[in-house]
Amino acid sequence: MGELLYLYGLIPTKEAAAIEPFPSYKGFDGEHSLYPIAFDQVTAVVSKLDADTYSEKVIQEKMEQDMSWLQEKAFHHHETVAALYEEFTIIPLKFCTIYKGEESLQAAIEINKEKIENSLTLLQGNEEWNVKIYCDDTELKKGISETNESVKAKKQEISHLSPGRQFFEKKKIDQLIEKELELHKNKVCEEIHDKLKELSLYDSVKKNWSKDVTGAAEQMAWNSVFLLPSLQITKFVNEIEELQQRLENKGWKFEVTGPWPPYHFSSFA
Amino acid sequence: MLHKLVTAPINLVVKIGEKVQEEADKQLYDLPTIQQKLIQLQMMFELGEIPEEAFQEKEDELLMRYEIAKRREIEQWEELTQKRNEES
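Residue numbers (our numbering), protein chains in the order written: chain A, 42 to 310; chain B, 292 to 379.
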């Protein structure tokens with residue numbers, strides 16, 4: 042019966058050595074505990090797994106067929122990474138990153154050594170934050186319908202037409218409003234993003250989620266992540282609070298979460 | 292020793308049971324814990340580590356727990372206010 046290694050994250054050896062003994066966290070199987078393995082400047086935080094119980098095939102099947110197992114284990118992974126992040130600078134690993142043993146883990150770290158060390162240096166003193174912007178389309182459409190120049194011009198243009206013609210032309214105006222709405226939303230969000238970006242080291246725009254997923258009454262208009270110097274956090278959050286106050290009566294809503302383990306700004310393998 | 296454990300008074304066993312339930316309840320219906328879990332769940336979905344179905348199922352469960360926790364908080368608050376009013 043062999044043993045596998047479940048890898049949670051990579052941390053600087055210096056930081057790992059400074060906390061003695063290593064903090065106690067329960068591992069993926071609920072039996073073994075997490076422990077550090079130092080490979081020169083980089084320390085891997087792992088826990089042991091029984092090779093038969095957690096073979097690739099078993100995990101694959103569980104992930105596809107056992108939703109509550111998947112939810113429980115994914116929470117375990119991310120909560121553990123978050124707890125490690127509170128203590129150490131960390132490159133968080135993807136859920137279910139498993140190695141056959143210490144040798145294969147060491148080989149993987151060796152190949153990516155430079156990338157890992159650069160990442161760890163970059164991450165020191167910086168934090169990942171997530172910003173989601175939502176908007177109330179109905180509210181915004183009302184505004185566009187009343188103030189947008191192209192819409193106003195089109196309305197003026199059809200005002201002298203017969204009611205029958207007006208009916209079809211109004212449909213076209215609705216389409217125009219939809220188009221202008223998208224343009225307006227992107228313009229507002231891009232401006233906000235550019236402003237927030239000034240405070241960050243790196244930024245990335247993510248895919249918006251559909252209403253089905255968010256379950257929110259408002260539409261997600263922007264989804265982005267930032268890597269920010271810790272010193273800029275207060276300014277960043279204040280900036281968003283200000284935006285919220287200024288724009289909420291126009292149908293905009295901001296959701297900011299962080300600090301996160303640097304899921305989007307660290308790379309390994 | 293085993294004998295003693297087996298014959299422990301029933302009410303003691305019940306009390307231990309209640310205590311365990313209380314702890315579990317605290318975890319299940321603690322507002323900051325639920326909020327934390329919801330945010331964590333969002334990130335898990337964002338990273339593509341759980342499929343939409345698993346995300347939505349868990350989100351529904353957490354939101355339901357959130358509702359209950361919120362209601363409990365309001366009830367406790369009302370109870371406290373009522374007590375204070377009665378005392379004064």
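If you're looking for bench data, these hints aren't it; they were derived computationally from the structure. Only a predicted model underlies this, so the values are computations on that prediction, with no experimental measurement involved. Treat the hints with care, as some may be off.
[Claimed, not checked] Computed, partial: chain B to chain A, Cβ under 7 Å:
1. M335
2. L338
3. A345
4. E370
All C-beta atoms, glycine included, are put in the ideal place defined by N, C-alpha and C.
Here is what the structure says about each hint:
Annotation: B:M335 was flagged as interfacial toward chain A, and the flag holds, the nearest CB pair being 5 Å apart, inside 7 Å. Here the hint on B:L338 is kept, as its CB sits about 6 Å from the closest CB of chain A, short of 7 Å. The criterion of a C-beta within 7 Å of any C-beta in chain A is met by B:A345, whose closest approach is roughly 5 Å, and the hint holds. The interface hint given for B:E370 is violated, since its Cβ lies 31 Å from the closest Cβ of chain A, which is over the 7 Å cut-off.
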